[in-house]
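First residue of the sequence shown? That's 175 in my numbering, and the numbers climb one at a time after it.
Rather than coming from a laboratory, the hints here were simulated on the basis of the structure. Incorrect hints may have been included.
DMTMM-like, lysine to aspartate or glutamate: derived pairs with alpha carbons at most 20 Å apart [said to hold, decoys possible]:
(1) 263 - 295
(2) 263 - 233
(3) 220 - 471
(4) 220 - 468
(5) 263 - 284
(6) 263 - 215
(7) 220 - 463
(8) 220 - 251
(9) 263 - 230
(10) 220 - 230
(11) 263 - 291
(12) 263 - 223
(13) 220 - 253
(14) 263 - 222
(15) 263 - 253
(16) 263 - 251
Cβ pair distances, simulated, as ranges [said to hold, decoys possible]:
(17) 262 - 403: 31 to 39 Å
(18) 290 - 385: 41 to 49 Å
(19) 323 - 226: 35 to 43 Å
All values derive from a computational prediction rather than experimental measurement. Don't be surprised by glycine CBs; every beta carbon is placed ideally from N, CA and C.
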Amino acid sequence: MSPAPDLDPVVRHLYVHVPFCPSICPYCDFHVLTRRAGLVERYLAKLEEEAARLADLYDVALDTVYLGGGTPSFLRDAELSALVGSVQKHLGWGRIENTLEVNPGTVSVERAALWRDLGLDRASVGVQSLDDATLTFLGRQHDAQQAREAVGTLVRTGFRVSGDLITAVPGQPLDSDIHGLVELGVGHVSAYTLTIEPGTEFARRGVTVQDDDERRGFERTEEVLTSRGFTRYEISNYALEGQQSRHNLAYWQGRTYLGVGPGAAGHYPAFPEADGILTVRRTNPHLHEWLAGEAGEVEAIDAPEFVTDALFMGLRLNTGLDLADLSRRSGLDVRAAYAAPIEANVSRGLLVLDGNHLRATPQGWWVLNRVVTDFLDVDGLG
Numbered sequence: 175m176s177p178a179p180d181l182d183p184v185v186r187h188l189y190v191h192v193p194f195c196p197s198i199c200p201y202c203d204f205h206v207l208t209r210r211a212g213l214v215e216r217y218l219a220k221l222e223e224e225a226a227r228l229a230d231l232y233d234v235a236l237d238t239v240y241l242g243g244g245t246p247s248f249l250r251d252a253e254l255s256a257l258v259g260s261v262q263k264h265l266g267w268g269r270i271e272n273t274l275e276v277n278p279g280t281v282s283v284e285r286a287a288l289w290r291d292l293g294l295d296r297a298s299v300g301v302q303s304l305d306d307a308t309l310t311f312l313g314r315q316h317d318a319q320q321a322r323e324a325v326g327t328l329v330r331t332g333f334r335v336s337g338d339l340i341t342a343v344p345g346q347p348l349d350s351d352i353h354g355l356v357e358l359g360v361g362h363v364s365a366y367t368l369t370i371e372p373g374t375e376f377a378r379r380g381v382t383v384q385d386d387d388e389r390r391g392f393e394r395t396e397e398v399l400t401s402r403g404f405t406r407y408e409i410s411n412y413a414l415e416g417q418q419s420r421h422n423l424a425y426w427q428g429r430t431y432l433g434v435g436p437g438a439a440g441h442y443p444a445f446p447e448a449d450g451i452l453t454v455r456r457t458n459p460h461l462h463e464w465l466a467g468e469a470g471e472v473e474a475i476d477a478p479e480f481v482t483d484a485l486f487m488g489l490r491l492n493t494g495l496d497l498a499d500l501s502r503r504s505g506l507d508v509r510a511a512y513a514a515p516i517e518a519n520v521s522r523g524l525l526v527l528d529g530n531h532l533r534a535t536p537q538g539w540w541v542l543n544r545v546v547t548d549f550l551d552v553d554g555l556g
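Taking the hints into account, I'd like the entire structure generated from these sequences.
What follows is the structure in structure tokens.
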């Protein structure tokens, strides 16, 4: 008989989705839209209502808050102040880290000071490139000088700053982009390959990304950043010592979190009466449906799915995951139940098993979807 799962009943992380953007980038497939008269006011009112409802349903003691989008920094000062006030009133505030996603074109010395006064201490800045031609191709509204000034302002204001980069862009001077970002004083870099998603403007134009360019960007980013003292702690994320994103680590470690706002996803504790269900994933509908009170998507997560989700996310980390801890949290003997896919992928050089600790090799990172598919195919557990 399997032991009872041992999961933390307290929710310690919150994601807030702000869907408004100054413009829609041609590669973007997130739930975003430009603002219209009265829409932000309705959004803020509904957001407070949702925060109050979640506070009644769950035991919440926040370690991290992440305001993402969209472009949260595109909100006017009074609007962002109202949003933060609603969160703090009903759910509290992050004890360890509170992040604001920032568009470089929205930064000023005065606004950065206001954001710090609101209790935001980490800024994730959508730099994407420090090359004007690359920014133009990506459809960004800021130029390289604005990006440099924005990062510098945030660093001087006392934020822990993360810079986003997009790689594998045709003609991009990647080395220069990376060195330039590091020299601006960021402690964290998120580097993502340009991906052409269906339905985006780039897809309609027929833009493509070559496999060789993707692999070259993947490898060269690591070479340059590690030479500058950064550690690749997750497939796409690099940090100086102590600068890892604590909020995103909660995702990769399979922790529960609240998702507030249109299109937001959350990972919630299951109520005690949910026999065999460990957690629940909820995804809110898009803005107009969310404003109308429509229900989103709900997915009940049982032990096998909890384990495969945890493997998919945890193997993204350079440290991998502890199978004994995952067994305790899921109630399954993970090492025994998944012995075959573990052994097969270790023999292929895609995973390394050290005691109870399982991690992906660099080659395993490159084909991680294929690796995790082997775990999904285990008889009697999927």
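Here's how the hints hold up against the structure:
Restraint check for residue 263 and residue 295: the C-alpha separation of about 19 Å stays at or below 20 Å, so the hint holds. For the given pair, residue 263 sits about 15 Å from residue 233 by alpha-carbon distance, which is consistent with the 20 Å threshold. Restraint check for residue 220 and residue 471: the C-alpha separation of about 18 Å stays at or below 20 Å, so the hint holds. Restraint check for residue 220 and residue 468: satisfied, since their Cα atoms lie roughly 12 Å apart, inside the 20 Å limit.
Our distance criterion of 20 Å between C-alpha atoms is broken by residue 263 and residue 284, whose separation comes to about 25 Å. Restraint check for residue 263 and residue 215: satisfied, since their Cα atoms lie roughly 18 Å apart, inside the 20 Å limit. Only pairs whose Cα atoms come within 20 Å are accepted, and residue 220 paired with residue 463 is accepted, the gap being roughly 12 Å. Under the criterion of a C-alpha separation no larger than 20 Å, the hint pairing residue 220 with residue 251 is consistent with the structure, at around 19 Å.
With a C-alpha separation of about 13 Å, the suggested pairing of residue 263 with residue 230 holds against the 20 Å cut-off. For the suggested pair residue 220 and residue 230, the alpha carbons sit about 16 Å apart, so the restraint of at most 20 Å is met. Between residue 263 and residue 291 the CA atoms are separated by roughly 16 Å; this keeps the pair inside 20 Å, and the hint holds. A threshold of 20 Å between alpha carbons decides the hint, and for residue 263 with residue 223 the separation of about 11 Å falls inside it, so the pair holds.
Proposed proximity of residue 220 and residue 253 is supported: the alpha carbons are some 13 Å apart, at most 20 Å. Distance restraint check for residue 263 and residue 222: the Cα-Cα separation of roughly 9 Å lies within the 20 Å cut-off, and the hinted pair is therefore satisfied. With a C-alpha separation of about 15 Å, the suggested pairing of residue 263 with residue 253 holds against the 20 Å cut-off. Note on residue 263 and residue 251: the hinted pairing holds, with a Cα-Cα distance of about 18 Å set against a maximum of 20 Å.
Residue 262 and residue 403 have their C-beta atoms about 35 Å apart, which keeps the hinted 31 to 39 Å range intact. Range check, residue 290 to residue 385: about 43 Å between beta-carbon atoms, so the 41 to 49 Å window is met. For the pair residue 323 and residue 226, the supplied restraint of 35 to 43 Å holds, since their beta-carbon distance comes to about 39 Å.
Consistency note: the structure conflicts with earlier hint 5 alone.
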